[in-house]
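Trainee: These are the residues of each chain, in order.
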Amino acid sequence: DGGITQSPKYLFRKEGQNVTLSCEQNLNHDAMYWYRQDPGQGLRLIYYSQIVNDFQKGDIAEGYSVSREKKESFPLTVTSAQKNPTAFYLCASSISSHRDTQYFGPGTRLTVL
Amino acid sequence: EDKVVQSPLSLVVHEGDTVTLNCSYEVTNFRSLLWYKQEKKAPTFLFMLTSSGIEKKSGRLSSILDKKELFSILNITATQTGDSAVYLCAVFYGGSQGNLIFGKGTKLSVKP
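Protein chains in written order, with this note's numbering: chain A, 23 to 135; chain U, 4 to 115.
I should point out that these hints are in silico values taken from the structure, not numbers from a laboratory.
Incorrect hints may have been included.
As the list claims (entries may be wrong) - The list that follows gives simulated cross-link-like pairs (lysine-lysine, DSSO-like), each with its CA atoms no further than 30 Å apart:
{"id": "1", "chain 1": "U", "residue 1": "44", "chain 2": "A", "residue 2": "79"}
{"id": "2", "chain 1": "U", "residue 1": "107", "chain 2": "A", "residue 2": "31"}
{"id": "3", "chain 1": "U", "residue 1": "43", "chain 2": "A", "residue 2": "105"}
{"id": "4", "chain 1": "A", "residue 1": "79", "chain 2": "U", "residue 2": "114"}
{"id": "5", "chain 1": "A", "residue 1": "31", "chain 2": "U", "residue 2": "70"}
{"id": "6", "chain 1": "U", "residue 1": "114", "chain 2": "A", "residue 2": "36"}
{"id": "7", "chain 1": "U", "residue 1": "59", "chain 2": "U", "residue 2": "44"}
{"id": "8", "chain 1": "U", "residue 1": "60", "chain 2": "U", "residue 2": "110"}
{"id": "9", "chain 1": "A", "residue 1": "79", "chain 2": "U", "residue 2": "43"}
{"id": "10", "chain 1": "U", "residue 1": "107", "chain 2": "A", "residue 2": "105"}
{"id": "11", "chain 1": "U", "residue 1": "40", "chain 2": "A", "residue 2": "93"}
{"id": "12", "chain 1": "U", "residue 1": "114", "chain 2": "U", "residue 2": "60"}
{"id": "13", "chain 1": "U", "residue 1": "114", "chain 2": "U", "residue 2": "71"}
{"id": "14", "chain 1": "A", "residue 1": "105", "chain 2": "U", "residue 2": "59"}
{"id": "15", "chain 1": "A", "residue 1": "31", "chain 2": "A", "residue 2": "105"}
{"id": "16", "chain 1": "U", "residue 1": "71", "chain 2": "U", "residue 2": "44"}
{"id": "17", "chain 1": "U", "residue 1": "6", "chain 2": "U", "residue 2": "59"}
Unchecked claim - Example chain A residues on the side facing chain U (calculated, C-beta under 7 Å, incomplete):
{"id": "18", "residue": "61"}
{"id": "19", "residue": "117"}
{"id": "20", "residue": "122"}
As the list claims (entries may be wrong) - Over 10 Å on every C-beta distance to chain U, these chain A residues come out as not near it, computed from the model:
{"id": "21", "residue": "48"}
{"id": "22", "residue": "67"}
{"id": "23", "residue": "74"}
{"id": "24", "residue": "103"}
{"id": "25", "residue": "112"}
Here a beta-carbon is modelled for each residue, glycine too, at the ideal position from N, C-alpha and C.
Whenever a hint applies, use it, and build me the whole structure from the sequences.
Mentor: Written as C-alpha cells, this is what we have:
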C-alpha cells in the first residue's frame with residue numbers, strides 16, 4: 023500500500039516552541055517537497071529535496087528547517103522564528119525533480135496558540 | 004514575475020450543471036500544466052497537459068491547454084455533490100530542475 027503519510031493530522035503548540043512535522047513516503051521517489059497552504063491562498067513552497075542529504079529553500083523558507091537523511095523521510099521543523107506558523111502543511115513527492123507530477127500526503131494542520 | 008491565476012475563485016452550482024474553471028499563466032520556460040482536486044486534505048492529481056489543443060478526459064472531467072493564449076480550462080459536466088472541492092491549477096516551468104507554481108484555486112460547491 024504505497025503512499026505518503028504525514029503525522030500528526032492536527033498539532034497545537036504554544037508560541038515560541040519549535041515543532042517538527044513528519045513526512046514519510048514508500049513510493050521510492052527521489053524528490054520531496056513541503057508546502058504551506060493558507061485560507062484562500064495557493065500552495066507555497068517552503069523547502070524541497072531532490073535527493074538524500076540535499077535540500078533547497080523554496081519561496082518561503084524563513085523560520086523553517088528540514089533534513090533528508092533517508093530517502094523515505096523529509097521532516098519539517100517550524101521554528102519560533104516563523105512569524106505566522108498557523109497553517110495547513112502539505113508534503114509531496116515526485117519520482118524526480120525533473121518529473122512534473124507531485125503526489126501529496128494528507129497534510130498536517132498546525133495551530134499555534 | 005511568474006504567476007498562475009485561476010478564476011473564478013469560488014462557484015456555486017446545482018447538481019447536473021456544467022462548469023468551466025479557468026487557469027491562466029505567465030511563466031518562463033513552460034513545461035506542463037497540472038490540475039488537482041482538493042477536498043478536505045491532500046490534493047489528488049487529475050490531469051497533466053503539455054500540448055496545445057489535445058483534450059484529456061476522465062469520466063465527466065475534461066481539460067485542454069492553449070499554449071498560445073497561455074491558459075487552460077477544466078470542464079465538469081453533469082456535476083454531482085461529490086465534485087464539491089477546491090480545484091488547483093499548477094504550472095511546471097523552468098530549466099533542468101524545474102519549479103511548480105500553484106494558483107489560488109477555485110472553490111466549487113455543488114448543491115443538491
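Trainee: So which hints don't hold here, by number, going up?
Mentor: 4, 5, 6, 13, 14, 16, 18, 19, 22 and 25
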